[in-house]
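K.L.:
Top to bottom, those sequences are chains A and B.
For the first sequence, the numbering used here begins at 1 and goes up steadily by one.
For the second sequence, the numbering used here begins at 1001 and goes up steadily by one.
I should point out that these hints are in silico values taken from the structure, not numbers from a laboratory.
Hints may contain errors.
With the Cβ distance kept under 10 Å, some of the chain A side facing chain B (calculated, not the full set) [claimed, not checked]:
id, residue
1, 64
2, 72
3, 115
4, 118
5, 121
6, 123
7, 137
8, 145
9, 146
10, 152
11, 258
12, 262
13, 315
14, 323
15, 324
Here are some chain A residues the structure puts well away from chain B; computed CB gaps all over 12 Å [said to hold, decoys possible]:
id, residue
16, 136
17, 173
18, 213
19, 442
20, 600
Positions of the beta carbon are idealized from the N, C-alpha and C atoms, including for glycine.
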Amino acid sequence: MNSRIETASRAPAPGASRVGPKHVLGLFLVLLAAAPLVLPDFYVTLLNYIGLSALVALGLVLLTGVGGLTSFGQAAFVGLGAYTTAWLTTSQELPGWLAAIGSSPWLALIAGLVLTALVAIILGSVTLKLSGHFLPLGTMAWGISLYFLFGNMEFLGGHGGLSGIPALKLFGFELIENRHYYYLVWAFVLLGLFTTRNLLDSREGRAIRALKGGMVMAEAMGVDTSRARMVIFVIAALQACAAGWLYAHLQRFVNPTPFGLHIGIEYLFMAVVGGAGQVWGALVGAGVITVLKQWLQDILPKVFGSAGNFEVIVFGVMMVIVLQRARDGLWPLLAKIVPVREAPRVIDASAQPLDKKPQPPMGEMILEAKNVTRKFGGLVANNNMSLSVKAGEILALIGPNGAGKSTMFNQLSGVDTPTSGEVLFRGKPVAGHQSREIAGLGMSRTFQHVRLLPKMTVLENVAIGAHLRGSKGVLPAAWRLDRVEEARLMREAAIQVERVGLGEFMHTEAGSLALGQQRILEIARALCSDPCLLLLDEPAAGLRFKEKQALTELLRRLKSEGMAVLIVEHDMDFVMSLVDRVVVMEFGEKIAEGLPEEIQKDPAVLEAYLGGV
Amino acid sequence: MDAEIIAMLGQDGVTNGAIYALLALALVLVFAVTRVIFIPQGEFLAWGALTMAALEGGHLPTTVWLLAGLGVLALGVDLFSATGRRTIGRSVLWNLAYPLALAGLLWVLPLAELSTWARVIVTLAIVVPMGPMLYRVAFQPVAEAPVLVLLIISVAVHLAMVGFGLLAFGPEGSRTTPFSEAQLELGTLMVGGHTLVVILASLVLIVGLYLFFDRTLYGKALRATAINRNGARLMGISPALAGRLTFFLAAVIGVLSGVLVAPLTTIYYDSGFLIGLKGFVAAIIGGLASYPLAAAGAILVGLLESFSSFWASAFKDVIVFTLIIPVLMWRSLTSHHVEEEE
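Extracted from the complex, chain A is given alone in its bound form (with noise of 0.2 Å):
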């Protein structure tokens, strides 16, 4: 079974045509390029409203496809870059300074990503830290308060909006014609393109790809879920901005109307015809919606004979269609056509190890819970539970189905918190802190119900272990100035899942894998972010006679290391000849204490195990 998923992921598929992801986007760019030289006007102009509508829909593709959040507000966001850039370049009465920013539009760009990102900011702090579906309520809300708010302010214009807007200049030259103003908007497409798709391969990116069904994974690795999604909310807001600038010099017109909340709804299809989870998608998307709309609004009322909304019925319909059918959209349809081969990562086997952590010395006391007590309402999980585990020291916590283990262990890494009682770490309480803080010192976890990307590579999901050694954010990464830290940080990734045998698996998906060893992967994760404690919950779990004493014997070298390492299993053979000492709860409390040998004759574990014998 090794060997076949072996080779499914290093030889090439029979039959796949040469062509490199390098061949297709140059193609792309050169018939981008030569668009506005050889179509009509009209083409011209539909392509520069597709772009416009990819630069929102891209934003969304981060937010929605990537980060599992959504906003119906995109078009209020593109409201304010276009009214910002509209108001401070035609008004006459502006206070000094703000005149001196009205006097390039350029400037009025930056004005409205300054404003844009305060908005979001202010947004995204009261509805980020709940639930995901109250962003898209209050984008919502926001959508239709600003809507109304540009209706209703005599100094944008009220409903019949501001007028007079200069066209652009860039080195003298100004951007009247549509032909001319096409190269600018694809090429703030093509920008955001690029820089999106950077941003997700690098440090950040693995962070932000794990708010979609990774939370508490990524916390326990050190990663800020909550800026991290408010990182996403604010680049799709400051992309729509940008797409209001260009919006409002290109019509050198702007009222209300286009940033109802109707168009809000409209771009968010965008995304999700096109395919949210791939930046590519938010080009097709832009394209069908945006061509589809033109050709209904045509062809419907010569149909049904009267005015009327006809094109969101068959908006909304199609939706529904595509949601229940092909809820990945149209991108993976397309890629399917086109037989393009991802070249694997390299790694680079030359860049300098990360930084390690000096170990504890040997017998250093490391993990200390004393009297922890957790109650869920009348149920009481843990009750007065004291452990403790030293540098070079394996503790077992075993006990029967239901015993308070796994709530144990959501305590002591900072997941819950005890209702009483303390945990000291290191010397230092963590009771009641943050998984994410509890990382940063030095504990690492695996999970019992193994959470990981399964749509990411193997290396890709151990990196995320990685995430507090490096430090590059978001602005190096969509550069790629992340370069260097992101090859050691690969390196380390690798090694790790060298080190725990999974080798062969480096870039497969791990979703593929067998649950054993999905197990393995995620001790290399815990390993990646140079833990000197290590919190295992059942690894064995699933894992073969062979894979048993591998993990066996890796555990072994890791104590020798000094790691101290505390581990729930349920298979005695394996706990048993591994670890020091070994306490045993039930019913929430601990009913015995001391070494395998020990506990193997203890009555109250007899009882506790097999009834009374």
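Based on these hints, arrange chain B on the given structure of chain A.
P.N.:
Same frame as chain A, but now just chain B:
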């Protein structure tokens, strides 16, 4: 502003608030049981109001044809995924026979001469069945999808319904005659008879819902589904049935709110959305989970709206929707640990 104006605005606010409260209850109910954030709730209100108006004008309401069309769709979906002959039989009965029978009945009924109560019943009979049909067609096939996907579908359904609303009712708005023209004098305050009808009807509905959830087996089944979908399913409660029942209740509430609101203000094909969203603001005040908080939030929204329409009428919607920000801020400050989204 004197006491009389305050009393008048207060009365207005409470009346509208009572309707928002009904909508908020329906939204909380639908979300709790099916995890759908039910944006089209407002469309049921508008369709109810406009159907009532059509009946009052003595016309055959075009919603009958929408009902028939949606029924055919629902039947199609059932046929496509059906398992048993009994299911098909029931589906034909409800999705095909019922709309046609109703259309036939309306054809022969002297619509212009119906009493108010008969009109309410006919309106309910036409619009309410669309609730479960809608669930069958749009939501049941993806019942296990993440909240976000359900939300986007919900918005898509809303868009399509607004489009169909324009097709069915045209761009003109309608207003119906109040249920009661009486004026009661309470001290110096004049209370309109219709105001009392609205408040009373809302109270009756809320008490009715309470009894339904507290005393009946189906009500308890819905509550069980809301608390633990898988657990309820293991106990033999069909999630599809729970979904359809919930949408049925939501449609009843929506249509009744529409019937109640129609004499208060002119309703257009697209009015439902904004009214529904105000119900949402109320539901969000209750965290999409608490019925009493949502109802209190609704009264607050109603009062805020009527007072801000007095002081700054152009900005009344801005003020109401901005209320959501401090509410969310408060919720956000009181919530802690990171949890996985479904």
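K.L.:
All hints are to be evaluated individually against the structure, with a verdict given for each.
P.N.:
Cross-check of the supplied hints:
no.	hint	result
1	64	holds, 7 Å
2	72	holds, 7 Å
3	115	violated, 17 Å
4	118	violated, 14 Å
5	121	violated, 13 Å
6	123	holds, 8 Å
7	137	holds, 6 Å
8	145	holds, 5 Å
9	146	holds, 8 Å
10	152	holds, 4 Å
11	258	violated, 17 Å
12	262	holds, 7 Å
13	315	holds, 6 Å
14	323	holds, 5 Å
15	324	holds, 5 Å
16	136	violated, 6 Å
17	173	holds, 41 Å
18	213	violated, 7 Å
19	442	holds, 20 Å
20	600	holds, 38 Å
In this structure, the earlier hints numbered 3, 4, 5, 11, 16 and 18 are contradicted, and the remaining ones agree with it.
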